[in-house]
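J.: Here the first sequence is numbered in my numbering, starting from 1 and rising by one per residue.
Be careful, since some hints might not be right.
[As the list claims (entries may be wrong)] Each computed SDA-like pair below joins lysine to any residue, with the alpha-carbon atoms no more than 20 Å apart:
(1) K371 with N361
(2) K514 with F140
(3) K458 with E96
(4) K19 with K106
(5) K232 with M266
(6) K106 with A123
(7) K201 with S178
(8) K300 with N361
(9) K232 with K458
(10) K193 with E142
(11) K594 with K629
(12) K160 with E489
(13) K449 with N476
(14) K406 with N311
(15) K662 with E672
(16) K573 with K629
(17) K351 with D363
No lab work stands behind these hints: they were computed from the structure. Just so you know, these numbers come straight off a predicted model, no measurement behind them.
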Amino acid sequence: MADFNTIAQKWQKKWKESKIFQTAEDPKKEKFYCLEMFPYPSGKLHMGHVRNYAIGDALARYKRMKGFNVLYPMGYDALGLPAENAAIKNQSHPKEWTLHSIKLMKEQQEQLGLSYDWSREIATCLPEYYRWNQFMFLKFLEKGLAYRAKSPINWCPKCKTVLANEQVEEGGCWRCHSAVEVKDLEQWFLKIKDYAEELLKDLDKLENWPERVKTMQRNWIGRSEGTLINFKLKGTDEDIPIFTTRPDTLYGVTYMVFAPEHPKVMELVKGTEHEEKVKKFINRVVIQEKFERTAEDKEKEGMFIGKYAINPLNGDEVPIYIANFVLLEYGTGMIMAVPAHDQRDFEFAKKFDIPIKVVINPDGYDLDPEKMSRAYTEEGTMINSGDFEGINNMDAIEEISKFVEKKGWGEKTVQYKLRDWLISRQRYWGTPIPVIYCGKCGAVPVPEKDLPVVLPDKARFSGEGNPLETNEEFVNVKCPECNGTARRETDTMDTFIDSSWYPFRYCDPRNDKKPFGKPAEYWMPVDQYIGGIEHAILHLLYARFWTKAMRDVGLTKVSEPFSALLCQGMVIKDGRKMSKSFGNVVDPGEIIAKYGPDTARLFMLFAALPEKELEWSDEGANGAFRFLKRVLSLAEENIAAPGEETGNREKNLIAKQHKTIKIVTEHVERFEFSLAIGRIMEFVNAIYKYREGEINKVVYDDAVRTTALLISPFAPHIAEEIWEKLGSKTMISLEKWPEYDESMIDEKAEQAEEIVHNTISDIHSVMELAKIKKAEKITLFVSKGWKYEYVRMLKQELEKTRDPSEIMKAMMLTDLKQHGGEVAKMTPKLAADESRLPKILLSQEEELKALESAKEFIEKEFEAKVEMVRADDSKEAKANNAMPGKVAILVK
RNA sequence: GCGGGGGUGCCGGAGUGGUCAAACGGACUAGGUUGAGGGCCUAGUGGCUUAGUGCCUGCGCGGGUUCGAAACCCGUCUCCCGCACCA
1 MADFNTIAQK WQKKWKESKI FQTAEDPKKE KFYCLEMFPY PSGKLHMGHV RNYAIGDALA
61 RYKRMKGFNV LYPMGYDALG LPAENAAIKN QSHPKEWTLH SIKLMKEQQE QLGLSYDWSR
121 EIATCLPEYY RWNQFMFLKF LEKGLAYRAK SPINWCPKCK TVLANEQVEE GGCWRCHSAV
181 EVKDLEQWFL KIKDYAEELL KDLDKLENWP ERVKTMQRNW IGRSEGTLIN FKLKGTDEDI
241 PIFTTRPDTL YGVTYMVFAP EHPKVMELVK GTEHEEKVKK FINRVVIQEK FERTAEDKEK
301 EGMFIGKYAI NPLNGDEVPI YIANFVLLEY GTGMIMAVPA HDQRDFEFAK KFDIPIKVVI
361 NPDGYDLDPE KMSRAYTEEG TMINSGDFEG INNMDAIEEI SKFVEKKGWG EKTVQYKLRD
421 WLISRQRYWG TPIPVIYCGK CGAVPVPEKD LPVVLPDKAR FSGEGNPLET NEEFVNVKCP
481 ECNGTARRET DTMDTFIDSS WYPFRYCDPR NDKKPFGKPA EYWMPVDQYI GGIEHAILHL
541 LYARFWTKAM RDVGLTKVSE PFSALLCQGM VIKDGRKMSK SFGNVVDPGE IIAKYGPDTA
601 RLFMLFAALP EKELEWSDEG ANGAFRFLKR VLSLAEENIA APGEETGNRE KNLIAKQHKT
661 IKIVTEHVER FEFSLAIGRI MEFVNAIYKY REGEINKVVY DDAVRTTALL ISPFAPHIAE
721 EIWEKLGSKT MISLEKWPEY DESMIDEKAE QAEEIVHNTI SDIHSVMELA KIKKAEKITL
781 FVSKGWKYEY VRMLKQELEK TRDPSEIMKA MMLTDLKQHG GEVAKMTPKL AADESRLPKI
841 LLSQEEELKA LESAKEFIEK EFEAKVEMVR ADDSKEAKAN NAMPGKVAIL VK
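Produce the complete structure using the sequences and hints provided.
T.: Quick look at the structure:
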């Protein structure tokens, strides 16, 4: 028994030397771009990586065998915090750490025998890559898609960096989980909000994305239609704009609430008796509680700030509060409160003893504000609402909106939860933002000819602040416009930028004139993207946005980067996530050393469907190992070759072979690798069975060859080895995927007589079957009453069309009609209750006539004798092994 | 609270109106091979019967639809995941 790792190394060497996986554009061939999410180079592969690559490589190899021109590249998402943290810890440089990690990681990937085109390898930490981040940033700046603004930001005190909202998880830093603080800083933003509508709408076009990912993105974008309404600050002409989706409740407003940190708040209380208390409140609520999220609903807190607003609709004077449940970032940061019809407003009003005014009554009774225990949020009739009384509140939404617009008090508008993308990071290991600040000229973009702005090699990594800030050589520059003294921007870009366009770069990885050129037109978009669900929102949304932004500055014509998305499930062990703290981590390196790469890959694909969680099992891996040994010994063991007779045993094996090809192909097309492998296992078992007797060498070898081809996307090294042992001079990686012949799929060829059953509702396949089988006799099992309908349908549909989908549609329609009682149908239960008998139940005579005519027609169509058997009597049906609505085809 | 997905042998998991519940793998049991073990090969693994097979039970729980339900409908329990004061 040859050692699997020896075999693996042998073929990996051959693949590398022959460069068979290198790809080039070929307009004559259909392209297929298969992409896995590129890894962050941490230095070591984990099982999640292996699973990701096993899926991707299987697909890439399969598509290649199917004749596609396949682009399947690999690279590294190499900028980011861990490298810098490691540098701080080890007193080294992030670059060294990263490049070393890439080397280690690549070695492990190569051990897996993945069919990447390594000539296209990229690493985002190299200036030749990140210069294009800068290039595109400048293009976006020019187009007005990038801007600088002061805003409260999330500050991680441990990482000493700003975090995007998306990077704050339950009040903690997404990497180190320390509590996040709030600070004010000048930051660079990208206008992703401008694309909210398109990002949302285009989700509908992504048919091959998992529904749950699209739902998550829709949620994240958070579109909601409503009305912007201006209240007036009492005693002034000042507007207080609020956003509401419920203008129908406008007459029920009894107070207003501002987000505590809203700049307006301090302005309003300045110099009043409330100033000190408000300051204290803001400090407590905003700073300390902004990110404190608990499982239970947070207690509503707030206070009155001594000012009043005027409701434009009815002139009501309402008090203004500040409260912790109003968010500054959403809408206008202020709300109108309608305690009678909003649960949050209700709770707050109860706590602060604010009046409750009912403006919508449910049908049938009147609400009493005194007795309400919760807000009424259902539909109802408008009351206490001036001219709008008496109408349904759903209609009032539209009418009051229109009225407010007409009066000039506000307008209909759309709000999104999505915020603009904050890209500034106060860190070293990122792409320098190509901007220079001049005392005279302000923020000046670095001219294109001066790109790239390269990260200086010299830097101190103390763990505090941004090393770029203290690097005088880097910071002190001349202003590109006035040539005066100026300072360079020391912020670097969010690394999500690097991963937002890398699929384009793979198409044209060595282009030094542009981020990418013509080849991207051929390859993009990615046909299948594969990666973890954890990127469902951030990475995938940013990449979609970046692509659209690139389109709008003329860099590409593509609007969506990923046509299809597959989110693989997690790899778990003992029912929980693999993690050092649980001590259940399985190291891929050890598994490869013990069993070889094919075993590791095959097990990962076999143990679960790609989207599902995968429970790692040592015994299971061992089982995959055993199976591969069985497969290999099919070609290794010397088999006697007694003759060339082809009897039933051969026929059966050939039939099984064709059937296996068919089903395996179908499964692979649907990414059901575990089921595909299961079928191959069955076929291998069948070959072993066959081998117990005398064998026909031609038939046997063909079966083994087929096995090798079918298994080659999953266990390529062993497949190559078998291929070679069978005397082939070519590499199996370049072979064609096997084809099957439907007419050979006939498992029980040796049986002289046979009854095949099929449901009548799939008439098309019944017909096909009857022809293939050369049916001599067809038996239709029919039951009382409804037999006529079905037989009639059968006849009609055969006459009209042979499109099975049309037939199915018609059948379903019949079913529907039956439920409406329009179509003749009788069951024993119905028969017992004469009053419920359907109206158009046919008479005995009519039935017989209809059956006769259908029978004649079918006889002609099938060229076979047709027999009708009543099957509604369950005893008789059982004796015939049949049920009503089925067709039996008797073959002789 | 809102949204999404599940509950099938000892285990991982197939099967979504009938021919056919448990494919495929693991684990276990027996037999073979072996000096022994491992490995490998073969058979078996819900119950009851004849030992050709036949029947019954069974897919979280309870109802319903149907000639027929693991699958469809209603209710219920339970688990997992995502979002969560979005006005």
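J.: Now look at each hint and say whether the structure bears it out.
T.: Outcome of the hint check:
1. Distance hint between K371 and N361 is fulfilled; the C-alpha atoms sit about 14 Å from each other, no more than 20 Å.
2. Between K514 and F140 the CA atoms are separated by roughly 15 Å; this keeps the pair inside 20 Å, and the hint holds.
3. Simply put, K458 and E96 have alpha-carbon atoms about 13 Å apart, close enough for the 20 Å limit, and the pair holds.
4. The suggested pairing of K19 with K106 holds, with an alpha-carbon distance near 17 Å, which does not exceed 20 Å.
5. The suggested pairing of K232 with M266 holds, with an alpha-carbon distance near 18 Å, which does not exceed 20 Å.
6. Distance check on the hinted pair: K106 and A123 sit about 12 Å apart at the alpha-carbon level, within 20 Å; holds.
7. Under the criterion of a C-alpha separation no larger than 20 Å, the hint pairing K201 with S178 is inconsistent with the structure, at around 36 Å.
8. Annotation: proposed proximity of K300 to N361 is violated, straight-line Cα distance about 27 Å (limit 20 Å).
9. The hinted pair formed by K232 and K458 fails the criterion: a straight-line CA distance of about 58 Å is larger than 20 Å.
10. For a cut-off of 20 Å, the pair hint linking K193 to E142 stands: about 17 Å separates their Cα positions.
11. Proximity of K594 to K629 is assessed by CA-CA distance (about 14 Å); at most 20 Å being required, the pair is judged to hold.
12. For the hint linking K160 to E489, the alpha-carbon distance of about 17 Å falls within 20 Å, and the restraint holds.
13. A distance of roughly 19 Å separates the Cα atoms of K449 and N476; the hinted pair therefore holds under the 20 Å criterion.
14. For the hint pairing K406 with N311, the CA-to-CA distance comes to about 16 Å; that is within 20 Å, so the pair holds.
15. As the CA atoms of K662 and E672 are separated by approximately 13 Å, the hinted pair is consistent with the 20 Å bound.
16. For the hint pairing K573 with K629, the CA-to-CA distance comes to about 25 Å; that exceeds 20 Å, so the pair is violated.
17. For the given pair, K351 sits about 29 Å from D363 by alpha-carbon distance, which is inconsistent with the 20 Å threshold.
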